[in-house]
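From first to last, the protein sequence lines are chains H and Y. Positions 0 to 262 (numbering that gives the first Met the number 0) are the ones given, in order, by the first sequence. Positions 0 to 340 (numbering that gives the first Met the number 0) are the ones given, in order, by the second sequence.
In short, the hints are calculated from the structure, not lab data. Cβ atoms here follow ideal geometry from the backbone N, Cα and C, with glycine treated the same way. There may be inaccurate statements among the hints.
[Stated by the list, open to error] Which bits of chain Y does chain H cover? Going by a derived footprint, with three or more residues having C-beta under 8 angstroms, they are: (1) 177–191; (2) 232–240.
[Unchecked claim] Derived Cβ-Cβ restraints for the label pairs, each shown as a range: (3) H:ARG68 with Y:LEU116: 54 to 64 angstroms; (4) Y:LEU158 with H:ARG219: 33 to 43 angstroms; (5) H:THR26 with Y:LEU139: 45 to 55 angstroms; (6) H:ASP187 with Y:ALA214: 39 to 49 angstroms.
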Amino acid sequence: MSSREALLEVRALSVERGRRRVLEDVTFELALGEALAVVGPNAAGKSTLVQALAGLLEPAGGEVRLLGRPLAAWPRDARARTLALVTSLEEGPDSLSVAERVALGRYPHSGPFRPWGAADAAAVARAIERTGIGHLAGRRLGTLSAGERQLATLARGLAQEPQLLLLDEPAAHLDVGHQLQLFRTLDDVRRGGVGVLAVVHDLARAAAWAERMLLVADGRIAAEGPPGAVLESPAAEEAFGVSIRGVAIGDGTEKLWRFEART
Amino acid sequence: MSGGRSRLVVPALGVALVAALLLATALGSVPLSFRGVAGALLAKLGLPGDASALGPTGETILFTVRLPRVLLAALVGGGLAVVGTVLQAVFRNPLADAGLLGVGSGAALGAVLAVHLGLASAVFFALPLAAFAGAMTAVLCVYFIAGTSGRAGLHGLLLTGIAVSALAGAMTSVMLVATEEYRVKTVLFWLAGGLEGRGWTHVQAAAAFVLSGAALLVLLSRPLDVLSLGEEEAASLGLPVRATRLGLLGLASLVAGACTAVAGAVPFVGLMAPHALRPLVGPRSRRLLPAAFLGGALLVVLADLGARALSTRFELPLGALTAFVGAPYFLAALRANEGRG
Numbered sequence: 000m001s002s003r004e005a006l007l008e009v010r011a012l013s014v015e016r017g018r019r020r021v022l023e024d025v026t027f028e029l030a031l032g033e034a035l036a037v038v039g040p041n042a043a044g045k046s047t048l049v050q051a052l053a054g055l056l057e058p059a060g061g062e063v064r065l066l067g068r069p070l071a072a073w074p075r076d077a078r079a080r081t082l083a084l085v086t087s088l089e090e091g092p093d094s095l096s097v098a099e100r101v102a103l104g105r106y107p108h109s110g111p112f113r114p115w116g117a118a119d120a121a122a123v124a125r126a127i128e129r130t131g132i133g134h135l136a137g138r139r140l141g142t143l144s145a146g147e148r149q150l151a152t153l154a155r156g157l158a159q160e161p162q163l164l165l166l167d168e169p170a171a172h173l174d175v176g177h178q179l180q181l182f183r184t185l186d187d188v189r190r191g192g193v194g195v196l197a198v199v200h201d202l203a204r205a206a207a208w209a210e211r212m213l214l215v216a217d218g219r220i221a222a223e224g225p226p227g228a229v230l231e232s233p234a235a236e237e238a239f240g241v242s243i244r245g246v247a248i249g250d251g252t253e254k255l256w257r258f259e260a261r262t
Numbered sequence: 000m001s002g003g004r005s006r007l008v009v010p011a012l013g014v015a016l017v018a019a020l021l022l023a024t025a026l027g028s029v030p031l032s033f034r035g036v037a038g039a040l041l042a043k044l045g046l047p048g049d050a051s052a053l054g055p056t057g058e059t060i061l062f063t064v065r066l067p068r069v070l071l072a073a074l075v076g077g078g079l080a081v082v083g084t085v086l087q088a089v090f091r092n093p094l095a096d097a098g099l100l101g102v103g104s105g106a107a108l109g110a111v112l113a114v115h116l117g118l119a120s121a122v123f124f125a126l127p128l129a130a131f132a133g134a135m136t137a138v139l140c141v142y143f144i145a146g147t148s149g150r151a152g153l154h155g156l157l158l159t160g161i162a163v164s165a166l167a168g169a170m171t172s173v174m175l176v177a178t179e180e181y182r183v184k185t186v187l188f189w190l191a192g193g194l195e196g197r198g199w200t201h202v203q204a205a206a207a208f209v210l211s212g213a214a215l216l217v218l219l220s221r222p223l224d225v226l227s228l229g230e231e232e233a234a235s236l237g238l239p240v241r242a243t244r245l246g247l248l249g250l251a252s253l254v255a256g257a258c259t260a261v262a263g264a265v266p267f268v269g270l271m272a273p274h275a276l277r278p279l280v281g282p283r284s285r286r287l288l289p290a291a292f293l294g295g296a297l298l299v300v301l302a303d304l305g306a307r308a309l310s311t312r313f314e315l316p317l318g319a320l321t322a323f324v325g326a327p328y329f330l331a332a333l334r335a336n337e338g339r340g
């Protein structure tokens, strides 16, 4: 694909935390409307990657381009209108209501002073509806389950109306029902033309949801491609230290994944 | 959900504050009639009112003693409550107050210095000015040390604030010991917090900082709310986290410094007012800050009235009274909340 269609272009990105190099020579692209899952063992550098893509960490080398423009050259507010970050780290005050929490996602659009408008209200209502938390809108965050809070955070991200949605372990606290709701929402968002990049812990869930998969191990990209191919690659077995086998089920388009300790 | 009832909180507090102001100006060692006070105030404001009911003595008491004291109580209470609200949002901790930034201990050191050098008795208004200078010096030290040690994050600010406060406290002790005995009482009175003998100069100085500072902080409600989500989320929403935090804390320090300079230490107001009002109006600053201002003002006006009423053989310090009320209230509130506000 030509660079003008690409939403996100990452070239030879390396990132350091303190003096430790956490990411090395990471190169990939993401198009509008594409769903990319980032997988990898603990401490592989996945969260660092997401933070660097969100512009929260300064790269030590290489480059990240968003819609063709270097990430560092974006004004803060314009960047926050174009990309949204949703993590499982959640520190908002417990007494905030869900609707108020989601409304803070309009900050990149409204800034400190612009009055709240119809477009803001519509975006908030839509984000709440898409994440299926309409029945919780008036509840305070402190009264919610971890999973419900996570969906409220996702709704905040959607209220930003981004073209790129970055998620770091969005399903971390979710039970199976909320997980299905989350990935249904992500599919819906992607079909609306938004590029979605998600760090996902559950490999089977990641394979079922994503169109493409990025395996990060030891700060580098160990494999990239269709989820099935990545999971069945020797690199994945090496990275996770387990044997991974996909068993075709139904008409063969879906696979059941088996993970076993290597002997 | 938080619509109807919570909208009534600010008007209700406003009415209660006006009533408390009237009550506090009328009551005292020389009681004034409510009608006389109301008439004299209306006449002063150029409105139709009967100024004659008080008589010349009553009028002198009202305008040179009672009114400045009561207005100062409202300004100090409102200012401290706004500062507490802002710091609790910035530090994401319901226990945060201006003491974290070294305001109280810096002001105490400045006040002691002014008394020790004899400036406090020789130069008009020297004590509040020195206290204010001390508070600002302490806050700047905290920022500077936290900034240059690469620890400008929340944690670094907290630790540096504690260290600087302890240092200023030690210096205050040394100065107190080295100060002539007859002057020590002046410092002790100031440290205990109170509004005895304050006049219009104090009101003007406090009003300039408290009203403009509080207004600016209300204007910055939205960035403050975004900041309360935590650094990472705030940055991802396009907020310049460091600059915003510095600006908010700077404004809060100016307000807290001004309040402490004119009234000494008046503890717990910054904790109680926001804590009591947050469940009623929610944590969003656009609503909570005005409510906290009115609530804090009401609290200190009533506390000062109580301190005057209880002062028979000696003047009960205002700061001691707010602590007597505030500490049990806060412990009970903490227990009810199991730790999180």
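Checklist entry - How does the Cβ-Cβ distance of LEU158 of chain Y and ARG219 of chain H compare with 33 to 43 angstroms: does it lie in that range? => result holds, 37 angstroms
Next on the checklist: I want to verify a distance hint. Is the separation of the beta carbons of ASP187 of chain H and ALA214 of chain Y within 39 to 49 angstroms?
Outcome noted: holds, 44 angstroms
Item to check | CB-CB spacing for LEU116 of chain Y and ARG68 of chain H relative to the 54 to 64 angstroms hint | outcome: holds, 60 angstroms
Checklist entry - Mind checking, does the stretch 232–240 of chain Y have 3 or more residues with a CB under 8 angstroms from chain H? => result holds (count 7)
Item to check | Pairwise beta carbon distance, THR26 of chain H to LEU139 of chain Y, judged against the given window 45 to 55 angstroms | outcome: holds, 46 angstroms
Item to check | Annotated coverage of the stretch 177–191 of chain Y by chain H, confirmed only when three residues or more have a Cβ within 8 angstroms | outcome: violated (count 0)
The structure shown violates just one earlier hint, number 1.
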